[in-house]
Amino acid sequence: MSYNSTIKNCYGSIEVLKNGDGNNLVFIHGEEGPRDWLPYHDHLSKSFSIWAPSLPGTGGSQLPEWVNSVSDISKVLLETLDKEKITTCIIVGCSLGGWIASEMVSMDPSRFSGLVLCGSQGLPTGHLDTPDIFLTPYRNYIALGYKKTDNHEFTNLWKKEPDDKEIETDLEIMELTARIAFKPYMYDRSLLPSLSRYAKPSLLIWGDNDIITPISIAEQFNSVLNNSKITIVKNAGHYVHLEMPKDFSNAIIDFSKKILR
Amino acid sequence: MLNFYYFMNQPYIGYPHEAAAEYGAVMLKFSNKHFNAEHAANLLDRYHKDFQLAEDIGFDGILVNEHHNAPAAMSPIPNISATVLAKITKRVKIFIGGNILPIHGNPVKLAEELAMIDLISKGRLISGFVRGGAVESLAMTTNTLHNRDLFDEAHDLILKTWTVPGPFVWEGKHFDYRCVNPWVLPYQKPHPPIMIPGSTSKETIEWAAKHGYPYIALATRLEATDEMFSFYDTTAEKYGHKVSYNNHGYMIRVHLAETDEKAHEEGKKLFGGRMAQITSMKNMTINPDVSAWMQPPGFVSKEAALARRKFMGGTPYAFFTQGYEKALENSQVIVGSPETVINNLNKLRKRFKVGHLGISHFPIEDPSMTERSLELFGEKVFPRLRDLAQDNV
Chain A
1 MSYNSTIKNC YGSIEVLKNG DGNNLVFIHG EEGPRDWLPY HDHLSKSFSI
51 WAPSLPGTGG SQLPEWVNSV SDISKVLLET LDKEKITTCI IVGCSLGGWI
101 ASEMVSMDPS RFSGLVLCGS QGLPTGHLDT PDIFLTPYRN YIALGYKKTD
151 NHEFTNLWKK EPDDKEIETD LEIMELTARI AFKPYMYDRS LLPSLSRYAK
201 PSLLIWGDND IITPISIAEQ FNSVLNNSKI TIVKNAGHYV HLEMPKDFSN
251 AIIDFSKKIL R
Chain B
1 MLNFYYFMNQ PYIGYPHEAA AEYGAVMLKF SNKHFNAEHA ANLLDRYHKD
51 FQLAEDIGFD GILVNEHHNA PAAMSPIPNI SATVLAKITK RVKIFIGGNI
101 LPIHGNPVKL AEELAMIDLI SKGRLISGFV RGGAVESLAM TTNTLHNRDL
151 FDEAHDLILK TWTVPGPFVW EGKHFDYRCV NPWVLPYQKP HPPIMIPGST
201 SKETIEWAAK HGYPYIALAT RLEATDEMFS FYDTTAEKYG HKVSYNNHGY
251 MIRVHLAETD EKAHEEGKKL FGGRMAQITS MKNMTINPDV SAWMQPPGFV
301 SKEAALARRK FMGGTPYAFF TQGYEKALEN SQVIVGSPET VINNLNKLRK
351 RFKVGHLGIS HFPIEDPSMT ERSLELFGEK VFPRLRDLAQ DNV
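Protein chains in written order, with the working numbering: chain A, 1 to 261; chain B, 1 to 393.
Please note that the accuracy of each hint is not assured.
With beta-carbon atoms standing in for the labels, derived distance ranges [stated by the list, open to error]:
| hint | chain 1 | residue 1 | chain 2 | residue 2 | range |
| --- | --- | --- | --- | --- | --- |
| 1 | A | Arg35 | B | Ile77 | 42 to 48 Å |
| 2 | A | Asp208 | B | Phe168 | 55 to 61 Å |
| 3 | B | Asn181 | A | Asn222 | 28 to 34 Å |
| 4 | B | His34 | A | Ser196 | 43 to 49 Å |
| 5 | A | Lys83 | B | Gln295 | 33 to 39 Å |
| 6 | A | Glu166 | B | Ile88 | 26 to 32 Å |
| 7 | B | Ile286 | A | Asp208 | 32 to 38 Å |
| 8 | A | Ser216 | B | Lys33 | 24 to 30 Å |
| 9 | A | Asp163 | B | Glu325 | 50 to 56 Å |
| 10 | B | Glu325 | A | Ile215 | 55 to 61 Å |
Computed list of lysine to any residue pairs in SDA-like fashion (alpha-carbon distance at most 25 Å, straight line) [to be verified]:
| hint | chain 1 | residue 1 | chain 2 | residue 2 |
| --- | --- | --- | --- | --- |
| 11 | A | Lys183 | B | Pro16 |
| 12 | B | Lys109 | A | Leu135 |
| 13 | B | Lys29 | A | Lys159 |
| 14 | B | Lys238 | A | Leu135 |
| 15 | A | Lys183 | B | Ile77 |
| 16 | A | Lys159 | B | Lys33 |
| 17 | B | Lys29 | B | Pro16 |
| 18 | B | Lys189 | B | Thr83 |
| 19 | A | Lys148 | B | Pro288 |
| 20 | A | Lys160 | B | Asp289 |
| 21 | B | Lys29 | A | Asp129 |
| 22 | A | Lys160 | B | Val290 |
| 23 | B | Lys33 | A | Lys160 |
No wet-lab data here; the hints were simulated from the structure.
Here the structure is a predicted model, which is why all the values come from computation and not from measurement.
Note that beta-carbon positions come from the ideal geometry of N, C-alpha and C, so glycine has one too.
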């Protein structure tokens, strides 16, 4: 389990889940929303000090009125890291969180000793049949990000009858996603060129059955990051961190051993 | 005062129903590969003739609207329909009900387009403004989260463009212009009348009342309509507007024949056949994605989502799925001889204190039934109802 902390920054306040010992690891969730402390947090907290904020406008985090883009979100999170005096850390971002992590790294590269992206959004897929979160019922879209949905990894988190709090989280994260990623749909053409200034090690974790951000997206990130590697997780869809938490965590732990040596 | 407006969606009739049933929806992503241009051109021609007929038989206005990505309406740019009307009719008001402000993208250009229609028609434009259903925003990939904001700002900018001499600068939340100064301005002063059609949104009723704009209820359920107009009246008065019959409008589907018996025989066919065709509801499993298209992120408040259930029975399909008998019972469709139609419309007029009645019918492959219905409307219904409406003040 973790403890919740509310960090006041100059724009408002951000809720952060914290636990574990070791080097700092900042985890940015995506359009799956903040869903409390999950198995991948638990695995990672055995090797790192986890710092996992709820994105502005979700969970207990305030949404500043002016926030309308991934870049705006990044400013809020960087300011919150300043307030926490986290000046060195690995940053991990999944899906929409990967896009935000990439933006943060391109804005403030010296803070981050390593970047881990998992099924990151932020680039056009070039596939017209890519699932669209705004044209699909929310939980059906999330299900498309799993290779299998008939196991407890899926059903424990995405119950058939979600309670009021879970529905509220669905609505909050959907609104935030619309606010920052509606048009262009889930991408920013300046992301890739701006990311090339980041020269420290990067890891790209991708599920071999990711239909939301196909492997070609990982290859594009790989082509501009100066020191990066792709790790494919077998039998996983888009949300590798939710579907295969152990494989996901182990890949990050291995990566950190190499860069923190 | 009682104004009658002829309304028709200009549907694309004749797409393959099996394809629609298989897809489970007839909107947004139902493929346009089934669209036949020659057939569509002929239909539009026919609808323009219907509009002329509506003027000939005595309607006060013709109502056109805007929809996208759906065979139910081949009218994605109502200003084009209105421009056609400006040239092919001579007398009727041209009611655009309305331009979907959040998706237009350029309010100043829209103000110019509407001014041109008002000029060409020599002051016959009634300009409706709507937020549009969520699917319209999705069809144009316009962020549904900002729909109301975009609507409000576009409206304010259009009004200023029409009424304040340029050039002026606009620095808004969503729109920026360095030089607003169009050299086309409306024929009517200070600007064309504005009316707001709507069905479910309490926020929209409140907004219309606040501005004193007439609110046109689109075939809403009777009890809910009482409630809506009562809320409208209280709000309008709160903002200093004197409410009269001119502030209320109601739209309803009507079919007439010489006798009640014949009208019902035809009505059942039209309702059952045409309505099932429009929605492809018969034996169809609705595509699960449709629920996401109805309420994308931030499109309506929680209160509005609840109101939708109350006013329309949960989904926009409720009108069609309730069946013919129920639709008659709920007075959501009026079918009968001229006498029956006069009585029923008069009841509605008195109940809702409406000064504007939108009349739509059921366009089908063979237009003769609906043409006869329209003719009867002109011959029998207009004179009596106008006479009965002398007490509309």
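Query - Pair hint outcome, Lys29 of chain B versus Asp129 of chain A [Cα-Cα no greater than 25 Å] - result: Within the cut-off at roughly 12 Å; holds.
Report task. With respect to the beta-carbon atoms only, verify the hint that Ile286 of chain B and Asp208 of chain A lie 32 to 38 Å apart. Result -> Roughly 33 Å apart at Cβ, these two residues keep to the hinted range, so it holds.
Query raised in the report: Straight-line Cα separation of Lys109 of chain B and Leu135 of chain A no greater than 25 Å?
Result: violated (29 Å)
Report task. May I ask you to test the hint 24 to 30 Å on the CB atoms belonging to Ser216 of chain A and Lys33 of chain B? Result -> Given range 24 to 30 Å: holds, Cβ gap about 28 Å.
Query raised in the report: Has the given pair, Lys160 of chain A with Val290 of chain B, been kept, meaning a C-alpha gap of at most 25 Å?
Result: The given pair, whose Cα atoms are some 19 Å apart, holds under the 25 Å limit.
**Report entry** Cβ separation of Glu325 of chain B and Ile215 of chain A, checked against the hinted range 55 to 61 Å
**Finding:** Once the Cβ atoms are compared, 57 Å apart, the range 55 to 61 Å for Ile215 of chain A and Glu325 of chain B holds.
Query raised in the report: Given the hint that Lys189 of chain B pairs with Thr83 of chain B, does the C-alpha gap stay at or below 25 Å?
Result: The given pair, whose Cα atoms are some 19 Å apart, holds under the 25 Å limit.
Query raised in the report: For the pair Asn181 of chain B and Asn222 of chain A, does the Cβ-Cβ distance stay inside 28 to 34 Å?
Result: Roughly 51 Å apart at Cβ, these two residues miss the hinted range, so it is violated.
Report task. With respect to the beta-carbon atoms only, verify the hint that Arg35 of chain A and Ile77 of chain B lie 42 to 48 Å apart. Result -> holds (44 Å)
Query raised in the report: Are the Cα atoms of Lys183 of chain A and Ile77 of chain B separated by 25 Å or less?
Result: At roughly 22 Å apart (the allowed maximum being 25 Å), Ile77 of chain B and Lys183 of chain A satisfy the hint.
Requested in this report: State, for the Cβ atoms of Asp208 of chain A and Phe168 of chain B, whether the hinted interval 55 to 61 Å holds or is violated.
Outcome: With a Cβ separation near 58 Å, Asp208 of chain A and Phe168 of chain B satisfy 55 to 61 Å, so the hint holds.
Query raised in the report: Quick one: are Glu166 of chain A and Ile88 of chain B within 26 to 32 Å, going by C-beta?
Result: violated (56 Å)
Consistency note: the structure conflicts with the earlier hints numbered 3, 6, 9, 11, 12, 13, 14, 16 and 23.
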